[in-house]
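Q: So in my numbering, spot 8 of the sequence shown is number 8, and the numbers just go up one at a time.
Careful, some of the hints might be misleading.
[As the list claims (entries may be wrong)] Using C-beta positions, here's what the derived DEER-type ranges look like:
(1) LEU150 x ALA24: 25 to 35 Å
(2) GLU180 x PRO120: 21 to 31 Å
(3) ARG92 x ALA20: 16 to 26 Å
(4) SER18 x ASP58: 20 to 30 Å
Hints in this document: simulated from the structure, not taken from any laboratory.
We put the beta carbon where it would ideally sit given N, CA and C, even for glycine.
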Amino acid sequence: MMLTLAEELLLLALDDESGAVEPAVSGSLQYGLAGALLMELVLAGRLGMQDGRLVPLDETPTGDGLLDEVAGMIRSGEPREPGFWVERLGRRDPKDALLPRLVEKGILRRDRRRVLWLIPSVRYPTLDGRPERDVRERVREVVFGGAEPLPRDAALLGLIKACDLVDVVFHAGERGRAHERLDSLTDGELIGRAVSGAVRRAQEEDFLAAQAAAAGAVISASSAGGR
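All chains, please: the whole structure from these sequences, using the hints.
A: Rendered as structure tokens:
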């Protein structure tokens with residue numbers, strides 16, 4: 001079964017039993033998925049890099065509705081650096097479009113439930129674990145087996161690194177070696193670097209927002225105490 005890079009990345013990021021995104025990547029996955037869509041279009045020859053910017057190369061549809069939508073967005077505007085598109089696509093959270101596709105392929109199942117008996121919630125536990133196992137084996141063969149990565153594998157490894165999935169994909173005793181190998185394999189990859197930058201900026205914004213909320217709470221408490 002052929003999966004897109006974004007679908008492979010999403011499977012790695014989901015907890016098989018609960019069907020929820022692993023907490024470690026809850027704030028970064030959306031940008032990793034955005035980068036995966038861009039990388040897929042580059043690998044398919046629909047996009048290329050020119051002077052550090054993404055440019056359209058071939059307008060032939062890929063046959064994948066989501067990829068063709070992204071390609072159309074890029075064709076309709078002026079050439080931009082990858083970071084622009086990673087952030088723009090990431091804010092739309094591609095996960096919402098990808099999860100139903102994995103259900104249709106029989107890999108995940110849709111589990112509807114209510115939190116505290118009131119709030120509707122949908123999770124996507126694994127129904128068929130073979131596709132994800134195949135992805136993990138492919139990744140491990142490159143990282144630990146010394147295999148030369150194909151362009152597609154190198155792209156996936158760059159995404160795993162960029163959206164902080166290393167600690168999810170590899171066991172505790174393997175992570176040091178995994179980080180070293182990923183650093184050597186993905187150094188200089190522009191879209192992966194754009195994903196890392198988007199994740200870093202999002203984390204900084206969350207930190208500043210939390211600081212502002214905490215300061216507001218302190219001021220409110222001080223005001224109430226002074227009455």
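Q: Take the hints in turn and mark each one as holding or not.
A: Here is what the structure says about each hint:
1. Here the CB-CB span from LEU150 to ALA24 is close to 27 Å, well matched to the stated 25 to 35 Å.
2. Between GLU180 and PRO120 the C-beta distance comes to about 44 Å, which lies outside the given range of 21 to 31 Å.
3. For the pair ARG92 and ALA20, the supplied restraint of 16 to 26 Å holds, since their beta-carbon distance comes to about 20 Å.
4. A hinted range of 20 to 30 Å is violated for the C-beta pair SER18 and ASP58, which are about 40 Å apart.
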